[in-house]
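Working from the sequences, and respecting the hints, build out all of it.
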Amino acid sequence: MANTKLKKQNYKHMITTKNLTKKYGDFTAVNNLSFNIQSGEILCLLGANGAGKSTTINSLLNFIEPTSGKVEINGLDVVKYPLKTKTFITYIPENLMLYPTLTAVENLDYFTKLSRKTFNKTELKAFLTEAGLQEEAHDKRVKAFSKGMRQKVGIALAIAKDSKVLLLDEPTSGLDPKSSNEFMELLTKMKNKGVAILMATHDLFRAKEVSTHIGIMRSGMLQKYSKTTDLSLKELETIYLDIMNFKHVN
Amino acid sequence: MKNIIFKELKELTRDGRFKIVLGISLILLVIASITGISQYKKNNEQYVASTNTERTIWETQGDKNPHSAAHYGTYAFKPKFALSLFDYGVTKYTGNSIFLEAHNRNEASFSEASDQTSLARFGTLSINFVLMYLFPLIIILIGYNSYTKEKEHRTFTLLKSQGVHPVKLALGKWFATFIPIFILTNLIFLTIGLVLSNLDNLAFFSWSSLLTLFASYSFYYLIITTLTVLISMWSKSSGMALVSSLMLWIVFSFITPKIATNVANTNHPYPSKLEFESRIIEDRKNGLDGHNPWNEAAKKLEEETLREYGVDSLHKLPFNYAGYRMQKGEEHEALVYQKHYAILNDIALNQNNTYKSLSFVSPFVPLRFLSMDLANTSDNLHWKFTQAAEQYRIETQKFLNYDIKDNAKVGERGYKMKADKFKELPKFNFTPPSLSQILKENRSNLLVLLLWFVFPFIGLIITSKKL
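Same order as they appear, the protein sequences are chains A and B. Note that the working numbering numbers the first sequence so that position 24 is 24, with each residue one more than the last. Note that the working numbering numbers the second sequence so that position 169 is 169, with each residue one more than the last.
Think of the hints as simulated: they come from the structure by calculation, not from any bench. Relax, there's no trap hidden among the hints.
Derived pair list, reagent style PhoX-like, types lysine-lysine, alpha-carbon separation capped at 20 Å: (1) B:Lys-465 to A:Lys-84; (2) A:Lys-125 to A:Lys-189; (3) A:Lys-84 to B:Lys-160; (4) B:Lys-149 to A:Lys-147; (5) B:Lys-316 to B:Lys-405; (6) A:Lys-80 to A:Lys-18; (7) A:Lys-121 to B:Lys-10; (8) B:Lys-149 to B:Lys-168; (9) A:Lys-80 to B:Lys-168.
What follows is the structure in structure tokens.
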């Protein structure tokens, strides 16, 4: 069993969904969704609200159980190994919230320790710096932090944990253009380090800029899946609007 | 798990509300301790002085007719038990001395409450009041938002995404809620122990009883902690969690005990004092009166005694018959009192059982009983004291009547017992039940407390896995 696990940790596909379906009563949130993301790849899932993007991410985090199909992280079934698979993941939700009475360093220290990794203060500060958080903010309580600053702590966590997988749910929504740019630069850095990234977003421009693959979801189904390099921004926009308009008509 | 505990405690130390409540509680505790120690010292000095004075009076009454001495009487004083400093229990209302005289069993008198103004009805600040009522409030304040704050601040998803085992998370929060109060409780009991062991004329202090009290209170706090964290898990908002926890605290600490008192009084009422005394008078009439040689029972005793010794006149008996009859009269009266006080005690036991049956609604109830018993301030202890005093009264009367019987000549009206003989009567000595006996008598309370812990704790573990 241990050998099997060890082998699976070096699995080529870091994030996998196989015929993932999630139903809430009669409503199908995700319908027969399949994709793979390898190390060093970024898949941006585009789609309107309710398209199934967040449900997919929540399934990968085992926050919800699939109705059918499989979800795997580093080759391990998320439902069977919920705690083990989370050790590979850093999750940054739309509005990453931290403990307001703790400083950035203390927050990072706490979350890394929960992931069974221990660092000294200098190392923690180095991770925060690498994530782009200004040094004077390191020892400040995060209650006064902007969303962009909190997202940087999230990225620092991914760096500190040496996460193989980054799951991002609308991470740039509400960020100012500068912070958004900085965040995209960080993602590119992470990708280049070999991290597999799944990002749910509405932002076509950022998706085109940062991703290696793009998927467009509607009504829980993956309507279009393509390498980013195969599409121009204009083409992407046209396809996206076509898919969205189809939804609108219906 | 220790990381979760440290983080929770760090957050707590930075919470202004916690500091304020803790500060107020500590101030109250200091006031309660100072007044408690001062009251204890005063009462204990009074006890020692009264016991010595009364014994001196008894021993120095000179040559006296024993039955006159029996009517002159003496007092049995209830010791001021060391742990009563911690929990006053019912001592304020039960009285602390009993007048012991011939023919009558008297109630304990000189209760502290009778010496106080009507303000006494508002209660007294004691250490156990702070520990029993206020510390659970602090626990609630620490733990009510242990889970809801994670949901409200939306840190819970980030927390869950770290792969923390949900049971470890729950236990971490559980410990973090319990630890501050546990540390405080440790310090308080240690201080009480050190203060008590340095007081003069300390009555019946044992570290093992104090330790058991500490364990009982700590266990109660574990129950409150578990319920508080469990409510936080179930609640959607911190406001709801706080209100629910406070409601539970009110039900536990105020509503259930009040309801229990009403139910117990209604189901098992005490007879009125007049009714009680009338029944005793009636029963006494139907038996031997040691003072009256002409009543029916006295005549019967006389006939039986003459027959037993094979003589035809009281003058021919080898002892003084008047002393013998007096003793037989005392024995009859003692049996009458025994019967009627046993009825009273049965009512008290039934009331207590009714009260205890509501332990399943509130863990406060079994802790209250346990605490009073361990502090030797319960009505159970008071009953034991009155029984011991009554036994001593019976022995005293026997001692005096037998002196007449064995030493007075027949028909000698002016007989006096030698002054020195008064010293031969043993001193009244009341020893409270041992710790093991108290624990044995409180088995049901201990069991209920255990159940109050086990079921919510199982609920906590199960719920944590579902979050």
